[in-house]
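Visitor: Keeping their order, the protein sequence lines are chains Z and B. With full-length UniProt numbering applied, the first sequence corresponds to residues 1 to 299, in that order. With full-length UniProt numbering applied, the second sequence corresponds to residues 1 to 299, in that order.
This list has only true hints and no planted wrong ones.
Same chains, same names: a pair is fine if it fits in one copy or spans any two.
Below are the DSS-like pairs computed for lysine-lysine, each with C-alpha atoms no more than 25 Å apart in a straight line:
1) K215 - K181
2) K179 - K142
3) K200 - K119
4) K18 - K67
5) K142 - K27
6) K200 - K120
7) K287 - K76
8) K294 - K265
9) K142 - K47
10) K287 - K67
11) K215 - K119
12) K181 - K294
13) K258 - K181
Hints in this document: simulated from the structure, not taken from any laboratory.
Each chain, written out:
Protein chains: 2
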Amino acid sequence: MSFQVDGEVASCGGRLLKLNHESKETKTQMSVNIYLPQQYYTKQTSKIPVIYYLSGLTCSPQNASEKAFWQPQADKYGFAVVFPDTSPRGDEVPDDPENGWDFGLSAGFYVDATQDPYKKNYRMFSYVHDELPRALHQHFQKQGSSSQLDFLDNIAITGHSMGGFGAISAFLQLRSANKYKSCSAFAPMVSPSGVQWGEKAFGGYLGNDITTWKKYDPAALIQTVKNTNNDYILIHQGTSDPFYKKQLKPELLQQAAKGTTWEGKIDVQLVDGFDHSYYFISTFVPKHAEFHAKNLGLI
Amino acid sequence: MSFQVDGEVASCGGRLLKLNHESKETKTQMSVNIYLPQQYYTKQTSKIPVIYYLSGLTCSPQNASEKAFWQPQADKYGFAVVFPDTSPRGDEVPDDPENGWDFGLSAGFYVDATQDPYKKNYRMFSYVHDELPRALHQHFQKQGSSSQLDFLDNIAITGHSMGGFGAISAFLQLRSANKYKSCSAFAPMVSPSGVQWGEKAFGGYLGNDITTWKKYDPAALIQTVKNTNNDYILIHQGTSDPFYKKQLKPELLQQAAKGTTWEGKIDVQLVDGFDHSYYFISTFVPKHAEFHAKNLGLI
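Taking the hints into account, I'd like the entire structure generated from these sequences.
Guide: Next comes the structure, spelled out in structure tokens:
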């Protein structure tokens with residue numbers, strides 16, 4: 001469970017750590033970045049909560065670390081940010097037989113695959129939401145600084161596109177355990193059914209019986225998971241995003257919430273002229289940071 | 001002189017334009033990005049000054065646009081940012097015969113080459129400091145909005161590494177014409193003599209007679225150009241930058257300024273633990289933005 005340090009770099013008021021570790025879930029070395037804010041280094045006494053940021057298709061932990069610009073927000077409010085990878089990697093990890101960028105490597109969709117040949121390595125749900133946070137907790141505990149960082153309890157989840165799907169899916173699946181205290185998403189895919197990305201990925205990882213997809217499907221989960229905590233989910237969606245109408249369709253989550261305890265709690269903000277890029281993400285990170293900071297008790 | 005629009009994307013409160021145009025100087029198509037801040041779109045009546053940002057080795061206009069994060073600062077103070085390319089490009093443009101990344105394509109060093117085969121295309125000094133600003137002025141004049149954007153008069157220059165060299169070099173060369181009102185640099189190379197990057201580039205572009213290098217050499221220029229305006233040059237330099245001691249040596253500029261009108265006016269800020277990356281640049285962009293905003297009369 002121990003981490004190796006691939007790099008450590010000063011950024012804004014804190015430091016970005018580039019780590020890797022051996023994962024029992026994926027049976028591979030997994031890369032992960034973590035930004036520790038200035039409050040970590042000034043040894044403040046209150047615990048620093050953690051936001052997990054799940055990246056989209058084609059990304060590694062580097063993209064959002066470099067381009068989403070969470071760092072000044074983390075310094076402002078006093079939270080850490082964890083950037084997990086988007087899939088297992090390595091020569092022995094099966095990839096998309098079609099060599100697409102929307103399945104396989106960099107496209108794990110944050111599910112535990114049940115189908116051969118993917119089920120051996122593609123266990124991203126268990127990795128991201130269980131193994132990784134426990135491993136980080138233990139790693140910093142060994143360093144004597146676990147009491148400063150809260151990887152397990154006062155935590156939030158967010159993500160972009162495929163990662164926005166992963167964030168909302170996990171938030172709802174783990175709602176009864178009150179795992180994540182806060183959830184938001186940037187241009188998320190909100191249901192795998194009826195969209196090309198979802199059908200390819202879920203067919204590949206979970207098989208063609210779409211009843212097995214519902215476990216992960218935000219639009220299905222929202223109808224069965226109770227909102228007992230007056231939770232809101234914050235979503236931003238650019239109107240010039242080429243994937244908006246065909247792959248993402250965040251309004252489907254609002255529609256599915258109608259008549260449930262989530263009705264009126266899915267805050268989809270359509271933003272004019274923004275696309276699917278990090279120009280979009282970095283522009284709205286301050287809004288998401290403020291949203292999570294409130295839910296994590298930082299303001 | 002007209003520009004083609006390769007892309008336009010909403011970013012923060014304004015928009016990033018990705019343009020290209022045919023350059024008479026380089027005899028190639030040149031890419032350039034420009035960020036127009038929110039004040040441009042709210043049609044404020046006062047003229048919007050422009051900061052020219054010169055990128056470092058290996059970069060295109062995209063890198064700094066995505067990673068340096070000038071946009072929120074441009075919105076805060078009300079300036080535009082122009083990101084020129086780092087060299088001419090194209091199959092017919094001669095590159096480094098050694099295939100290095102420190103000469104040729106993406107490594108024009110912002111000089112007008114005098115040596116074959118480079119002198120035909122590598123005219124980056126004339127391109128960046130004369131042709132490009134005039135072309136931008138004319139382009140926006142045709143659109144009827146030139147009165148909003150000041151590409152020619154109330155302007156500043158900055159840059160990173162090779163681009164920091166280019167910024168200081170041009171600021172000093174054009175000081176008597178009062179071309180740039182403000183100059184700063186991130187981890188700049190400050191003298192080509194005695195450093196590997198400089199000797200390779202200047203030998204290739206200008207030839208082996210190092211007296212011809214002095215025209216561009218900040219450490220030489222600072223001894224002949226008068227500081228009649230109480231100008232300061234702001235420089236940040238990371239102490240963990242692998243190029244700091246061997247290629248950049250910003251302290252050489254301070255030493256060269258001793259006994260001149262620039263003595264005490266070269267503000268080199270050493271910043272602990274920062275490297276040569278965009279994590280470094282983006283961290284200190286707010287300081288440089290404030291510096292230029294003051295010098296451009298915005299605050």
